[in-house]
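Protein chains in written order, with our numbering: chain U, 646 to 882; chain G, 813 to 1195; chain H, 77 to 403.
The hints are simulated quantities; they were obtained by calculation from the structure and are not laboratory data.
Keep in mind that this is a model prediction, so the values were computed, not measured.
Any given hint might turn out to be false.
[Unchecked claim] Here are the simulated DSSO-like pairs of lysine-lysine, each with C-alpha atoms no more than 27 Å apart in a straight line: (1) H/Lys163 to G/Lys989; (2) H/Lys262 to G/Lys983; (3) H/Lys262 to G/Lys989; (4) H/Lys163 to H/Lys262; (5) H/Lys189 to G/Lys1170; (6) U/Lys819 to U/Lys772; (7) G/Lys910 to G/Lys983; (8) U/Lys672 to U/Lys825.
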Amino acid sequence: MLSATGMIGGYGGADILHGLDVEVSEKEIVVIIGSNGAGKSTAMKAIFGLVPLREGRVTLKGEDITNAPPDELVPRGMAYVPQERNIFPSLTVHENLEMGAYIRQDNFGPVLDRVYDLFPALQEKRKQAAGELSGGQRQMVAFGRALMTEPDLLLLDEPTAGLSPLVMGEIFEKIIDVNKSGVSILMVEQNARHALQIADRGYVLATGQNLYIDTGASLLANPEVAESFLGGKRADA
Amino acid sequence: MLELINFYLIPALVLGCIYALGAIGISLLYSILRFAHFAHGDLMTIGAYIAFGMILGVELIVFANADPDVTVSFLAKLVSMLPFSLVLAILAGMFLEKRGFGPFTYWRSLFTIVGTVALAFPLVWALDLMTPLAADEDFELDAEFKVLAVLPFAVVLAVYMARLLDRLFYKPFRSSKPIIMVIASFGVALILRSLVQMFFGVEDESYAVGYIARPLEIFLPLRIIERHLYIFGMTVILMLALHYLLTRTRTGKAMRAMSDDADLARVTGINTEQVVMWTWIVGAGLAAIAGVLLGMDAPVKPVMGWDMLLPIFAAAILGGLGSPYGAIIGGLVIGGMEELSTFHWWLSDEPLVPGAYKTAIAFGVMVIMLIFRPQGLFKGRVL
Amino acid sequence: MDLLAFGLLFLIQTVPYGIAVLGLNINWGFTGLFNVGVAGFYAVGAYTSAILTAPEQLHSIAFGLPAGVGWLASMLTAAIVAYAIGKICLRLRSDYLAIATIGIAEILRLVIKNYQDLTGGTYGIQNLPRPFEFVGGYGADLAFLAVGIVIVAVLYILIERMWRSPWGRVMRAIRENEVAAAAAGKNVEAFRLEAFVVGSALMGLAGAIAVHASKSVGIEGTEPLEVTFLLWVMLIVGGSGNNKGALIGVVLIWALWSILPDFIAAGFLPLIESAFDLSEENVEDVSRRIPYVRLFLIGVLLQVVLQKFPGGLLREKAPSLAKQPAS
Chain U
646 MLSATGMIGG
656 YGGADILHGL
666 DVEVSEKEIV
676 VIIGSNGAGK
686 STAMKAIFGL
696 VPLREGRVTL
706 KGEDITNAPP
716 DELVPRGMAY
726 VPQERNIFPS
736 LTVHENLEMG
746 AYIRQDNFGP
756 VLDRVYDLFP
766 ALQEKRKQAA
776 GELSGGQRQM
786 VAFGRALMTE
796 PDLLLLDEPT
806 AGLSPLVMGE
816 IFEKIIDVNK
826 SGVSILMVEQ
836 NARHALQIAD
846 RGYVLATGQN
856 LYIDTGASLL
866 ANPEVAESFL
876 GGKRADA
Chain G
813 MLELINFYLI
823 PALVLGCIYA
833 LGAIGISLLY
843 SILRFAHFAH
853 GDLMTIGAYI
863 AFGMILGVEL
873 IVFANADPDV
883 TVSFLAKLVS
893 MLPFSLVLAI
903 LAGMFLEKRG
913 FGPFTYWRSL
923 FTIVGTVALA
933 FPLVWALDLM
943 TPLAADEDFE
953 LDAEFKVLAV
963 LPFAVVLAVY
973 MARLLDRLFY
983 KPFRSSKPII
993 MVIASFGVAL
1003 ILRSLVQMFF
1013 GVEDESYAVG
1023 YIARPLEIFL
1033 PLRIIERHLY
1043 IFGMTVILML
1053 ALHYLLTRTR
1063 TGKAMRAMSD
1073 DADLARVTGI
1083 NTEQVVMWTW
1093 IVGAGLAAIA
1103 GVLLGMDAPV
1113 KPVMGWDMLL
1123 PIFAAAILGG
1133 LGSPYGAIIG
1143 GLVIGGMEEL
1153 STFHWWLSDE
1163 PLVPGAYKTA
1173 IAFGVMVIML
1183 IFRPQGLFKG
1193 RVL
Chain H
77 MDLLAFGLLF
87 LIQTVPYGIA
97 VLGLNINWGF
107 TGLFNVGVAG
117 FYAVGAYTSA
127 ILTAPEQLHS
137 IAFGLPAGVG
147 WLASMLTAAI
157 VAYAIGKICL
167 RLRSDYLAIA
177 TIGIAEILRL
187 VIKNYQDLTG
197 GTYGIQNLPR
207 PFEFVGGYGA
217 DLAFLAVGIV
227 IVAVLYILIE
237 RMWRSPWGRV
247 MRAIRENEVA
257 AAAAGKNVEA
267 FRLEAFVVGS
277 ALMGLAGAIA
287 VHASKSVGIE
297 GTEPLEVTFL
307 LWVMLIVGGS
317 GNNKGALIGV
327 VLIWALWSIL
337 PDFIAAGFLP
347 LIESAFDLSE
357 ENVEDVSRRI
367 PYVRLFLIGV
377 LLQVVLQKFP
387 GGLLREKAPS
397 LAKQPAS
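Model the full structure from these sequences, guided by the hints.
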C-alpha cells in the first residue's frame, strides 16, 4: 500500500528525519512510537506532503507520491487526521462531514450513513457546531471527516492525545472497526502500550531514524522497548 | 420624530447598507486570505466607474442617433460597446467550459479577446435599430433604470478585474507573510485609483439620478426616494443570497471551513484556490454593487471608494473580522451612528457632532473596539 | 529655471523624504510595523511647527517662535500621537496598526481642514520662517540644504549605531521571532512602541522641515496618499532594513517622480495627439491626466519590486538571526 524509504527532510533547512523508512501493507494497522522530538509527527506530515522531503521516496499503491501536495493525495485514497485543530469548529458536525466529502462529485449519502453508524453519537449532534463538542466527540468528527472520501489508507496523528482513558479505549475500538472495514491505518501514538496491542506492526523512532521495526506483539515483548518507550519493564501486557 | 426618520434614519440605513456590502468583502477576504484588503474601497470605485462608463457608452450611441447634428464614428460606437461585449464573451466562455469545451487554459484569453471584438458589432447594430425610438422627442431613459440595467454587467467586469488583480498581485504572496499582501493591496489601491483618474478624470460625475428627487408618496408620512428603495431592496436580496451561499452550498461551506482553518481545509482535500476564487467573486461583486449604489446616491468620483475604506473597516472590526453577518450589523451600526450623530438631539441648537467630523465617528468606534473588544461583537478572529 | 536652481530645489525636497524614510525604516525595516499613516505624522509635525513659528496670520493663531523650536516640537507632537496609537494597536496583529494609522491620517486631515482657528483651514499658514533666508539667493538655498544634509547625516549615524546596539539586536530578534524574544524575557510591546514612536517622531520632523523649505503649509501638502505611498515605494525600492538603501531609494524615486511627467508628456502626448487628431482643448485635458499616469507607473513599479526584488536595491546587511518558517 504505502512505502516510504530513506526519508530525509524537515522544516526550512533543518532536517528532522534522517533516513527513515515506513511501510504499510494492505489492511494493516501500523503504529509509530518514539520519544518526544523523535520525528513521529514529522514523518507522518512528510508522507502527506506537508513537510518537504529533501531525499527519499514515497509510493502509494506503487505510484510515486514524494512531496505531492494533499489535494493530490486525497483523491488517490489517502486521508489524514492532524493531531490538533482537526475539525472546523464553527461548522456543524454534519457540515464537517460534508467537507470531508468535498472532493466527491457523486452522492455520498451511503458513506455518510456508514459514518453515522460507526459514530452514533455524531448522528445525535449533527446540527451542533463541532467546536462545542467534547474532546472525544471532536476526535470522532475528525475521524469521520477523514472517512468521507472512503480512503484506502488513513493517517492518524496521535488520535487519543488529551483524552480520558475511557474515551481513549473507545477511539481505539473505532480504529479497529475502521480497519476491519478494509482501511489500512498508519498512526502515531503517545499511548504506545495500548497502540501496539492493536497494531500489526510497529516502528520505534529515535532522532528521525528507525530504531526497531517489528510486529506489535514482539515490540511489546521486547524488554529494551518496554524500558525506554513503554514506561516500565512490564513486558507481559 | 418624522424629521428624525425621514432625514436621518433613512439616509442612515442607506449608508449602512452600502457599508455593509463593502464590509462583508473585507471580512471574508480577511478570514480566508488572511489579510486586510486595502484596495477594497477602490474596487467599489471601479464598480461605480465601470457602470458609469457603460451608461456613457449607451448614451453616446442613442444620443448620436437621436440628434441629427451629431455624428459619431462607427469605431467610437464599437469601442463604447466593448465593455458589454466583454461581459458577454466572458459568460459565453464560462458556458462553453461548463458544456465540456476546454479547459481553456490558454484558449480562454484568446476566445475572450476575439469574442469581445466580434460581439461588439451586433450590439452596435442592435442599438442603432433603436434610432426611431430615440428620435422621439419624449423619449427619455429613466436614470434609475439605466443604472440598474448596467449593474449586472458592471459586476461581472469588476469581479473579472478583481480576479485578475488577485492573479497578478496577490497570488504570488499566498505563502508569504500576510503583511506583504497588505502592502501589495495598498499599491493596488493606488493603481486602481490612478486608472480611474487617467480614464475618467478627477471631476465629480453622476449617473444623473437627480439628487433633488421627489420622494415617493406611497408610504406617507414616510418620505422615501425611489433610489433608496432600490438600495434597500438590493441589499436585502444580496444578504439573503449570501446567507444561502454560506449555509446551503458546498462552495459556501468550504469558504466557512477555510476561514475556520485553512490548513485543515487543505488537508481535507478542499480546493483552496477555488475557494479563494469564490471569495473574490463574492467580495468584489458586493463591493462593485456597493460602489454603484453609492454612485446612485452621491457623486461618482475617484476617491469615493477610498473614503469608504475607514468606515467599512470599522464596520468589519465592529462585527468581528471574519464574521460576514457581523459585518452586516457593523455596517448598519456605523452608517447609523454617522448619520444620527449630526441630528440635533435633545432639541439642542447644535448637532451632536458637527457634520464635518462625521467620518471621525467610524474611527472612534474602531478605536474603542480595538481597545475593549478587538474580536468584535460577533467573535471574529484576532490574529 | 536654470539647472542649478532646479538641482538645489530637487535636493532640498529630498531632505524631508530622507528623514521620513529613516523613520519609516525604524518602523518597518527594523521592527516590521506597517505604518500607513506616514502622512498623518508628517502633517502633525508640519502644522505644529507652522503654528509655533509663523508670524501673525489672518485666519489662525501663530506664535512667531524660531524654526528650531518648531522642529523640536514637531517631533514631540508626532511622538505623542504615535504613542497613543501604538499603545492601542501594537498588541494586535499588524493589519490593525495599518488600519488605525490610515484612520489617524484621515482624521487629522479632517481636523486640519475644519479647525480653521488653529490650522488656517483651506487658507493654510503662510510666510513661515526659513533658516538662513537672510543670506539671499542661492546662498540661502545652499545653507538650508546644508542644514538638511547635516540633520540627515546625524540621524543616519545615530540610527546605525542604535541598530548595532543591544537595543537593535533585541529589535531584530523580535522581528524574526516574536515568541522567542518574549520567552527570553524581552518586553516585546515596549520595544515595538519605542520603535513606533521614534520612527513617527522623525516623520513629524520631516513634515516640519518640508513646510519650512516651502515657507507655507496647506491641506494639499498633506495629501495622505502621495506622501505615504511615495515613502513606502522609496523604502521598498531602496531596500527595507538598510538605511543607506532607503536614502538611495529616496533620491531615485524622487528623481523619477520629478521627471516622469515631462517624460510622459514628451513621449506620449504627440503620439496620442496624432493618433486621435485631438483639439487643443482635448490635449489640455489629456495633459492634465499625466500625473495619474505617473502614479500608476510608480504603483506598478512597487508591485514589480515586491515580487521580483523583494530585498530592494541594497539588502539589509545586519546579520540576520536564524530564519524561521513563515507562520
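Verification of the supplied hints:
Simply put, H/Lys163 and G/Lys989 have alpha-carbon atoms about 23 Å apart, close enough for the 27 Å limit, and the pair holds. With a C-alpha separation of about 35 Å, the suggested pairing of H/Lys262 with G/Lys983 is violated against the 27 Å cut-off. Our distance criterion of 27 Å between C-alpha atoms is met by H/Lys262 and G/Lys989, whose separation comes to about 23 Å. For the proposed pair H/Lys163 and H/Lys262, the alpha carbon gap of about 17 Å is at most 27 Å, so the pair holds.
Restraint check: the Cα-Cα separation between H/Lys189 and G/Lys1170 comes to about 13 Å, which is no more than 27 Å; the hinted pair holds. Our distance criterion of 27 Å between C-alpha atoms is met by U/Lys819 and U/Lys772, whose separation comes to about 22 Å. A threshold of 27 Å between alpha carbons decides the hint, and for G/Lys910 with G/Lys983 the separation of about 25 Å falls inside it, so the pair holds. Between U/Lys672 and U/Lys825 the CA atoms are separated by roughly 8 Å; this keeps the pair inside 27 Å, and the hint holds.
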